[in-house]
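Visitor: The primary structure of each chain is shown beneath.
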Amino acid sequence: MSDPLNAAALLANFVVVPAVAYGSQLALGALGVTLIYGILRFSNFAHGDTMAFGTMITILFTWWFQSMGLSLGPLPTALIALPFGIVLCAAFVLLCDRTVYRFHRANRADPVIFVIASVGVMFVMNGLVRFIIGPDDQNFSDGQRFIIKAREFKQMTGLSEGISIKVSQGITVVTMIIVVAALFWFLNKTRTGKSMRAYSDNEDLALLSGINPDRVVAVTWILAAALATIAGTLYGLDKSFKPFTYFQLLLPIFASAIVGGLGNPLGAIAGGFVIAFSEITVTYAYKKFANYIVPGDWKADGLMQLLSTNYKFAVSFLILLMVLLFRPTGIFKGKSV
Amino acid sequence: MSYLIAEAMTGGYGGADILHDCTIAAEKGEIAVIVGPNGAGKSTAMKAVFGMLDLRKGKVSLDGEDITSLTPQDRVSRGMAFVPQNHNVFPSMSVEENLEMGAFLRRDNISETMEQVFELFPILKEKRRQNAGELSGGQRQQVAVGRALMTQPQLLMLDEPTAGVSPIVMDELFDRIIEVARTGISILMVEQNARQALNIADKGYVLVQGANRYSDTGQALLNDPEVRKSFLGG
Amino acid sequence: MSRAGLLISMRNVLYFAVMAGLIVLVGQMQSWNLALSILNLCLISAVMSLGVNMQWGYAGLFNVGVMGFAALGGLAAMLVSMPPVREAWAAAGSGAWVGIIIMILSILAAVALYRKLPKSGFRTVLIMLVVITGYVLLRIFFDPTTAVIEKVNPAATGYLGGLGLPILIAWPIGGLLAGGVAWVVGKITLGLRSDYLAIATLGISEIIVAVLKHEDWLTRGVKNVTGLPRPVPYEVNLQNTPWFLELCEKLGADPVTFSSIFVKLCYATLFTVVLLFVLWLSERALRSPWGRMMRAIRDNEVSANAMGKDVTARHLQVFVLGSIVVGIAGAMLTTLDGQLTPSSYQPLRFTFLIWVMVIVGGSGNNWGAVLGGFVIWFFWIEAEPLGLWLMDLITSGMSEDSGLRAHLLESAAHMRLVTMGLILLLALRFRPRGLLPERTHQ
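Residue numbers (the working numbering), protein chains in the order written: chain X, 45 to 381; chain S, 50 to 283; chain F, 2 to 443.
Read the hints as simulated data drawn from the structure, not as lab findings. Any given hint might turn out to be false.
Calculated lysine-lysine pairs in the DSBU-like style (CA-CA distance at most 35 Å, straight line) [claimed, not checked]:
| hint | chain 1 | residue 1 | chain 2 | residue 2 |
| --- | --- | --- | --- | --- |
| 1 | X | K283 | F | K214 |
| 2 | F | K152 | X | K286 |
| 3 | F | K117 | X | K356 |
The following residues of chain S were derived to be distant from chain X, with all beta-carbon distances above 12 Å [claimed, not checked]:
| hint | residue |
| --- | --- |
| 4 | P86 |
| 5 | D112 |
| 6 | A197 |
| 7 | L222 |
| 8 | D224 |
| 9 | R225 |
The structure presented is a predicted model; accordingly, all values stated were derived computationally and were not measured. From the three backbone atoms N, C-alpha and C, an ideal C-beta is built for every residue, glycine too.
Go ahead and model the full structure; you've got the sequences and the hints to work with.
Guide: Printed below as a string of structure tokens:
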């Protein structure tokens with residue numbers, strides 16, 4: 045009778061827990077992309093590198109705090125450094141808007157020009173990150189590692205499979221919930237938030253109503269930078285920080301935003317979890333799981349893995365293509381501009 | 050002197066002139082209507098009054114002040130409000146939020162104005178939590194007019210408010226517009242349904258090819274056989 | 002020709018002359034070997050940017066997957082030219098064939114369904130079912146086989162090898178391979194808003210490179226396939242050939258140095274032929290009614306649509322054509338390298354650099370794309386010594402053992418990214434039509 049329970053624990057440990065954490069990170073990333081799309085009406089290819097940039101600043105502050113002996117006890121020091129990362133990242137992103145995007149906005153340039161410009165910004169950010177912190181893996185997590193250890197779980201339940209939850213995973217989910225709640229409160233309840241939604245809905249009418257476009261755009265960039273820095277830092281704490289990985293995150297993040305419907309914040313969150321769960325369920329090796337649930341002496345040969353983890357971003361890509369084929373506006377209706 | 054005077058407006062969208070010496074005025078608390086055949090420059094005249102296109106010649110003054118060089122946004126803060134023909138609501142926002150956005154520039158308490166709008170359009174109060182994009186065409190027009198009224202304008206400009214709504218809804222909308230005018234707000238309106246519009250108009254302008262052809266009171270224009278023959282279908 | 006027109010064409014000639022002068026300067030100052038290496042890569046870059054220019058310049062399509070299409074060309078070069086590994090085929094036995102048959106059958110079935118059934122959600126679901134079933138069957142039959150193949154002399158082979166044909170054949174085949182993939186991606190994403198094509202091409206190119214990196218039985222993965230047969234003579238052979246030695250004597254050149262220069266010249270000739278051919282075709286196409294229609298669509302999609310032009314079909318056409326050219330260039334590059342190194346496919350080098358070439362050169366102008374290919378590649382190569390020199394200068398005031406100095410010198414290479422990004426942004430802002438703007442026919 046313990047076999048199905050063991051199988052469930054196995055799945056929970058290797059699929060559900062990681063997917064929830066990864067999904068939260070993707071959701072935060074996709075929210076940034078979707079906000080930029082909703083307000084500025086282009087897909088921001090620099091978003092992955094904005095995440096890397098903000099995370100890098102957070103890491104630098106973390107190291108500094110660590111060297112001063114500052115710590116949050118069981119929680120990672122990076123949490124104290126995060127606000128500094130957000131502020132500096134937002135400042136840099138605003139500078140980019142000033143120097144790059146504003147000109148094209150004033151010219152009412154084609155969306156594709158903005159996309160190409162964002163590619164240019166991506167280059168610059170990517171280069172700066174590599175220049176400052178280097179292209180290699182950086183580890184900056186400290187504090188306690190686990191909320192629940194697999195061994196403790198086994199002792200508690202008597203199962204032979206354990207579930208472990210890392211502190212970083214716990215922090216990711218809690219932070220995501222807080223950030224999303226704050227964002228939705230901001231968008232739905234505050235004057236500035238509502239003016240952003242209005243601008244996204246109908247730019248011309250927003251102008252007629254006296255909404256200041258410069259302000260809306262600036263607030264959007266600040267929010268996007270904050271979301272990117274938070275998402276990037278959480279991802280870095282959970283896994284590790286490597287600039288190229290952050291560039292590669294662009295694909296699952298875009299997929300999440302499009303699956304949910306570009307420009308739709310709720311959709312971005314749903315999309316993040318859809319992509320994360322699909323990616324992890326498809327690339328998980330079900331060998332042990334199958335051995336638990338198939339009765340008798342049958343043993344699975346091979347890993348029983350649908351897709352090697354090397355191709356995990358192929359999952360985002362395929363889901364993306366399916367959504368484009370069947371429902372180009374996404375699950376929740378996004379903008380079909 | 051009229052509350053709004055747009056005098057001898059000449060200009061277009063960069064290319065050839067669309068308006069030629071076009072003059073339009075609106076009095077306080079009165080309804081002025083612009084009618085004319087398709088392509089006569091009615092909507093262009095409206096946009097010119099609101100500062101959405103550059104005039105080569107002519108001037109616009111509001112309450113005796115020259116506002117020719119002001120941006121549309123600045124004109125809003127001077128007491129003008131504009132309801133475009135299409136895309137005139139925020140579809141993914143609730144009715145209430147649409148009205149709030151109309152009052153974006155106001156820092157004082159807007160609940161009283163909102164109550165007035167709800168009194169004028171009771172259906173909106175009922176649907177205040179619903180998204181504007183989910184409403185029917187006529188209700189959406191009410192939201193659009195309501196949004197414009199939220200700035201407490203002195204001059205309300207409507208670009209074909211009855212386009213695409215049923216005749217019953219049209220009559221009701223016109224009734225509401227008369228009510229608005231009675232509160233002392235000037236109304237400038239472009240209309241396809243010339244006969245009905247002139248019926249409620251204090252002043253009517255018939256534009257042809259961007260120039261004034263006839264200008265008179267609404268009733269006088271309706272009674273003018275020339276106007277009837279050429280523009281009102283007999 | 003009008004006076005202004007004459008001035009413009011004189012300016013164009015001047016640009017190319019300056020470019021040629023720069024390469025000669027490298028030959029004189031650094032070495033002719035280096036100058037020719039740069040020239041060869043300039044030629045390949047020019048072909049590649051001609052391909053991207055077709056997509057962007059003619060049609061306004063933003064392809065962020067140039068890397069993937071170039072990699073397909075490279076794959077074709079390897080698969081066509083390398084000799085088959087008989088031991089691996091023998092060891093794989095029927096498994097390999099079963100795998101190939103399953104793959105072909107499921108593709109054929111999917112294509113047949115697509116052709117025969119009317120467009121509907123049902124058809125799409127059916128096609129997906131066929132593809133998924135094919136995939137699972139393929140995995141069941143083929144997985145054990147790949148392991149066997151990879152065990153055959155892994156240090157030297159461990160893969161199936163290729164067809165053992167002359168590598169020049171691979172150039173058109175690489176183009177076709179790239180064009181085929183482009184057709185599938187384009188079919189799905191064209192007609193939707195432009196961002197989707199960008200994102201989808203980004204995805205497909207990452208996947209293609211991942212396949213190259215991880216399917217060892219096909220490409221040896223990160224172990225690389227080296228020693229691809231060449232279309233030109235080998236230096237060692239030349240050094241033992243009487244007529245070559247005679248030529249060296251006549252020119253008074255050292256046979257060892259001159260042999261490598263000679264080989265590079267041979268490559269340069271081949272590449273120039275391809276470049277001129279593609280350029281000639283592109284110019285013809287651009288001036289044909291087809292080209293005029295493409296530009297009309299680009300400039301005003303709505304009215305072109307209203308005039309009954311099938312915009313999506315035209316876009317698909319030009320997207321596939323451009324990708325074919327990129328694929329050819331990719332095959333040429335692998336031929337020049339003499340090896341397939343999957344890990345060398347970096348988006349920066351293969352996608353974004355090409356974009357900078359097109360934008361800086363002049364979107365919509367074929368000569369501009371060629372010039373951009375030359376200029377940007379030249380600076381890409383020369384930026385490294387230049388950057389190091391600059392960093393040396395900046396850090397010269399610091400003490401020898403300063404950590405900051407070491408870091409700065411070590412990271413100088415990354416400044417290339419920043420520089421390229423800045424060039425792209427500056428070009429977009431101050432010279433959006435590029436060095437050689439598109440000629441507008443009034």
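Visitor: For D112 of chain S, is the shortest beta carbon distance to chain X beyond 12 Å?
Guide: holds, 19 Å
Visitor: Measure nothing beyond the straight line between the CA atoms of K283 of chain X and K214 of chain F; if it is 35 Å or shorter, mark the hint as holding.
Guide: Cα-Cα ~22 Å, so holds.
Visitor: Can the restraint linking K152 of chain F and K286 of chain X be considered satisfied, given a maximum Cα separation of 35 Å?
Guide: This hinted pair holds, its Cα atoms lying about 33 Å apart.
Visitor: Is L222 of chain S truly not at the interface, in the sense that its beta carbon sits beyond 12 Å from all beta carbons of chain X?
Guide: holds, 19 Å
Visitor: Does the no-contact call for P86 of chain S survive, Cβ to all of chain X over 12 Å?
Guide: holds, 26 Å
Visitor: Against chain X, does D224 of chain S keep a CB gap of more than 12 Å to every residue?
Guide: holds, 25 Å
Visitor: Take a quick look at R225 of chain S and tell me if its Cβ sits farther than 12 Å from every Cβ on chain X, holds or violated.
Guide: holds, 20 Å
Visitor: Are K117 of chain F and K356 of chain X close enough, with their CA atoms no more than 35 Å apart?
Guide: Roughly 33 Å between the alpha carbons, so the hint for K117 of chain F and K356 of chain X holds.
Visitor: Beyond 12 Å from every Cβ of chain X: is that where the Cβ of A197 of chain S lies?
Guide: violated, 8 Å
Checked against the numbered hints given earlier, this structure breaks only hint 6.
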